[in-house]
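Student: Quick mapping for you: the protein sequence lines, in order, are chains A and B.
For what it's worth, numbering that gives the first Met the number 0 labels the leading residue of the first sequence as 0, then goes sequentially.
For what it's worth, numbering that gives the first Met the number 0 labels the leading residue of the second sequence as 0, then goes sequentially.
Just so you know, these hints were derived from the structure itself, not from any lab.
Using N, Cα and C, we set each Cβ at its ideal position, and we do this for glycine too.
Any given hint could turn out to be false.
[As the list claims (entries may be wrong)] Going by beta-carbon spacing under 7 Å, a handful of chain A positions derived as facing chain B:
1) Ser49
2) Val51
3) Arg72
4) Leu102
5) Gly106
6) Asp198
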Amino acid sequence: MIRIAVNGISCAYGCFPALDGVTFEIARGDFTGIIGPNGSGKSTLLRAMSRVLKPSRGTVLLDGRDVYAQDPRSVARRLAVVENDGRSEFGFTVLDLALMGRLPHLGRFQRESAADVEMARGCLESTGILHLEGRKITEISAGERQRALIARALVQEPEILLMDEPTSFLDISYQIDVMDLVSRLSREKGLSVVVVLHDLNLASQYCGSIILMKDGRVLASGAPGDVLNQANIREAYGSEVMVVRHPVHGRPHVIVLPKPDPAARPRPVEKGRIHVIGGGAMATRLMGMLSARGFSLSAGALNVGDGDWSEARRLGATVVEAPPFSPVTESDMKRNVEAMVGSLAVVLANIPFGPGNLRNLEAAAEAAWRGIPLVIVEGDGVACRDYTGGRAAASLQRLESAQGDGIRVIRCPDDEAAVLAVENLERERGAVVSGEGRD
Amino acid sequence: MKGRRGATILILFVALLLSVLLSLCTGAVGISPAEVVTALVRGGDSSPVAGILLDIRLPRVLLAAITGSSLAVSGAILQGVFMNPLADPYVIGVSSGASLGAVLAIILHPPVAVAGLGALPLFSMAGAFLTILVVQRLSSVEGRASVMSLLLAGVAASAFLTAVISAVTYLFGNRVHQVWLWMIGGFSHARWELVMMALPYSIAGMACSMAFARDLNALTLGEDTAAHLGINVPLARNVLVWTAALLTGSAVSSSGMIGFVGMVTPHVCRIVSPDHRFLIPSSALAGAVATVLADAVCRSVMPPQEIPVGIITALVGGPFFVYLSRRAQRAGRSGPGGVMG
Numbered sequence: 000m001i002r003i004a005v006n007g008i009s010c011a012y013g014c015f016p017a018l019d020g021v022t023f024e025i026a027r028g029d030f031t032g033i034i035g036p037n038g039s040g041k042s043t044l045l046r047a048m049s050r051v052l053k054p055s056r057g058t059v060l061l062d063g064r065d066v067y068a069q070d071p072r073s074v075a076r077r078l079a080v081v082e083n084d085g086r087s088e089f090g091f092t093v094l095d096l097a098l099m100g101r102l103p104h105l106g107r108f109q110r111e112s113a114a115d116v117e118m119a120r121g122c123l124e125s126t127g128i129l130h131l132e133g134r135k136i137t138e139i140s141a142g143e144r145q146r147a148l149i150a151r152a153l154v155q156e157p158e159i160l161l162m163d164e165p166t167s168f169l170d171i172s173y174q175i176d177v178m179d180l181v182s183r184l185s186r187e188k189g190l191s192v193v194v195v196l197h198d199l200n201l202a203s204q205y206c207g208s209i210i211l212m213k214d215g216r217v218l219a220s221g222a223p224g225d226v227l228n229q230a231n232i233r234e235a236y237g238s239e240v241m242v243v244r245h246p247v248h249g250r251p252h253v254i255v256l257p258k259p260d261p262a263a264r265p266r267p268v269e270k271g272r273i274h275v276i277g278g279g280a281m282a283t284r285l286m287g288m289l290s291a292r293g294f295s296l297s298a299g300a301l302n303v304g305d306g307d308w309s310e311a312r313r314l315g316a317t318v319v320e321a322p323p324f325s326p327v328t329e330s331d332m333k334r335n336v337e338a339m340v341g342s343l344a345v346v347l348a349n350i351p352f353g354p355g356n357l358r359n360l361e362a363a364a365e366a367a368w369r370g371i372p373l374v375i376v377e378g379d380g381v382a383c384r385d386y387t388g389g390r391a392a393a394s395l396q397r398l399e400s401a402q403g404d405g406i407r408v409i410r411c412p413d414d415e416a417a418v419l420a421v422e423n424l425e426r427e428r429g430a431v432v433s434g435e436g437r438d
Numbered sequence: 000m001k002g003r004r005g006a007t008i009l010i011l012f013v014a015l016l017l018s019v020l021l022s023l024c025t026g027a028v029g030i031s032p033a034e035v036v037t038a039l040v041r042g043g044d045s046s047p048v049a050g051i052l053l054d055i056r057l058p059r060v061l062l063a064a065i066t067g068s069s070l071a072v073s074g075a076i077l078q079g080v081f082m083n084p085l086a087d088p089y090v091i092g093v094s095s096g097a098s099l100g101a102v103l104a105i106i107l108h109p110p111v112a113v114a115g116l117g118a119l120p121l122f123s124m125a126g127a128f129l130t131i132l133v134v135q136r137l138s139s140v141e142g143r144a145s146v147m148s149l150l151l152a153g154v155a156a157s158a159f160l161t162a163v164i165s166a167v168t169y170l171f172g173n174r175v176h177q178v179w180l181w182m183i184g185g186f187s188h189a190r191w192e193l194v195m196m197a198l199p200y201s202i203a204g205m206a207c208s209m210a211f212a213r214d215l216n217a218l219t220l221g222e223d224t225a226a227h228l229g230i231n232v233p234l235a236r237n238v239l240v241w242t243a244a245l246l247t248g249s250a251v252s253s254s255g256m257i258g259f260v261g262m263v264t265p266h267v268c269r270i271v272s273p274d275h276r277f278l279i280p281s282s283a284l285a286g287a288v289a290t291v292l293a294d295a296v297c298r299s300v301m302p303p304q305e306i307p308v309g310i311i312t313a314l315v316g317g318p319f320f321v322y323l324s325r326r327a328q329r330a331g332r333s334g335p336g337g338v339m340g
């Protein structure tokens, strides 16, 4: 059953357009998130839907009739709004505020009944602030006020709940409490929820569908898995992200990557190339650090779609690719060795080794035999992450016992030490190069 | 909570009775409370004491009470509508508009009378209404007025109107004295006709504001929130602002400019509860008490001379107001509910 139909609405503040042809529908029991960068029109959309800002074009239908043609009291009996900012100069008590939710249900001169008061207290209890009922709203914290606003909206006994950033002042525990509460009401009582959220992962976790807005238009909408992807988020926010599956609920989980530091971008001296052996997003940080220090990168072999694969490509590295979710083949290994030759060093990140990627280690060994220094990030020790029955550790051992004679293996406790070791190698190379120049 | 509100109303009501009694006793001729009660109960016999009491002091005290409560209710309404606990009829220019109307009535002396009403209150109320119209028009963009722009427009209108009053008074120098007498404000000219003239406006204004008290509660949370709670915001806002203009216009026309009552009394009553179903009656009572007492003081400081009542209210209200607003600022800075909260 369609409760709200937004049909091609456009709104403007003065001559500044805030919404441009937005269309979607909300059915009974829907839990819909609205996301998008600041100024993309999310709050304006809520105002247009809640009978406050009449669109200049298009219509908002509530239960099939234009919401602006309906009596405000009758609208308020079906649709409640949790505003983002509940600040007031007037010291109403928390209970007073919650009771205002009864306004659309009471006649002009009708007093709140004992049942109304009980109901308001029940809503305060479900939002966890019943103990504050006698406190003034001017004297409680922003998070407590936010929960009082949610209680007031629930006192309206709405069938549709619009919320504008309801969790912005709440700590993570209350964020989950509030979202769980409305999510339960949505499931059990068919409450339709439309919530503006900045937290993409909260949206992904709770919303059945997500509307992504940009510049007053709907950029994408649908299930979280369809909307929350790299391309959409880059287009909407201009941010680089990684999208992984959440280990618990399996929905998309967005990890925001640091913006490249503009101060670190200009590379006065072209440093050597470092080949990184990573996988499973374990080398993401290391590659970022190397890139920030002006090294050029190559990496591999990496499965297409792997976290390190996307990070390496973002940093402009040459990547030796393997198909998604498949073991590294003989030919991948050959290409990998070719990529390693000519690099300043090969860095073996703190990654586990199994049969699937053992060939990467063998490639590193091959390169080391050919004189490319191998830097190993120890972490908890290679033995702890060897799932090849000791073959990986043995291969490294063999390499180390042959040190000298052009073979170098440098063991480092962590990423930072590995970067320092690479910087040392770069200095050595520089000394050789300038020494050669003098001859 | 409800008990505290009821008790406050009761206390204020008793305080009003006591201050009326006290005010009836004070003046150039001292009258004992017993004599007052006797005269009030028996009605107009021909004794000189009863004459002073019933023909001079009683209408004066009643006019003071009506004026005080009108100003206080007007202040309570405007503070709520403009979401600013420091707003009042002066700040948004309504008082100045009413004054200009009254001054024009005094100077032009037009032979106008509608339904038994003299030119002064009619002009005064017209001035208040016109000012509100202009201020609302000036401050709204596409039908909506932000609080800040309304207050700014009010201050500008107030300055402009004050200049016009000065110019008019200057041009018609022959009537300066009358204008001056009226502007000082006070109740020395109070007669029963004036009481009967002000009373209907006062009753109508209070009834209207009580009917919209709950709308006013919602409006203090912001217009969007009020609309979300099912309030017809344009209607409620218009009714309330026009009610405030009516109350201010009638108070100014009958008693001149009396400051601070409208600003301070709702502020004090809000300490008990900001719920307008309580705030409007309690402000009405408190405003009446304050004005009746101020009038009693101005009659008794150096009899038989009188001090203008506006001076007393400003002398007491001014510092009190500064104290209140500084306290609010301190609370706002340190309390969790303040601007930083």
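Student: Run every hint past the structure and note whether it holds.
Tutor: Taking the hints in turn, this is what the structure says about them:
no.	hint	in the structure
1	Ser49	holds, 6 Å
2	Val51	holds, 5 Å
3	Arg72	holds, 4 Å
4	Leu102	holds, 5 Å
5	Gly106	violated, 10 Å
6	Asp198	violated, 21 Å
When held up to the earlier numbered hints, the structure conflicts with 5, 6 and fits the remainder.
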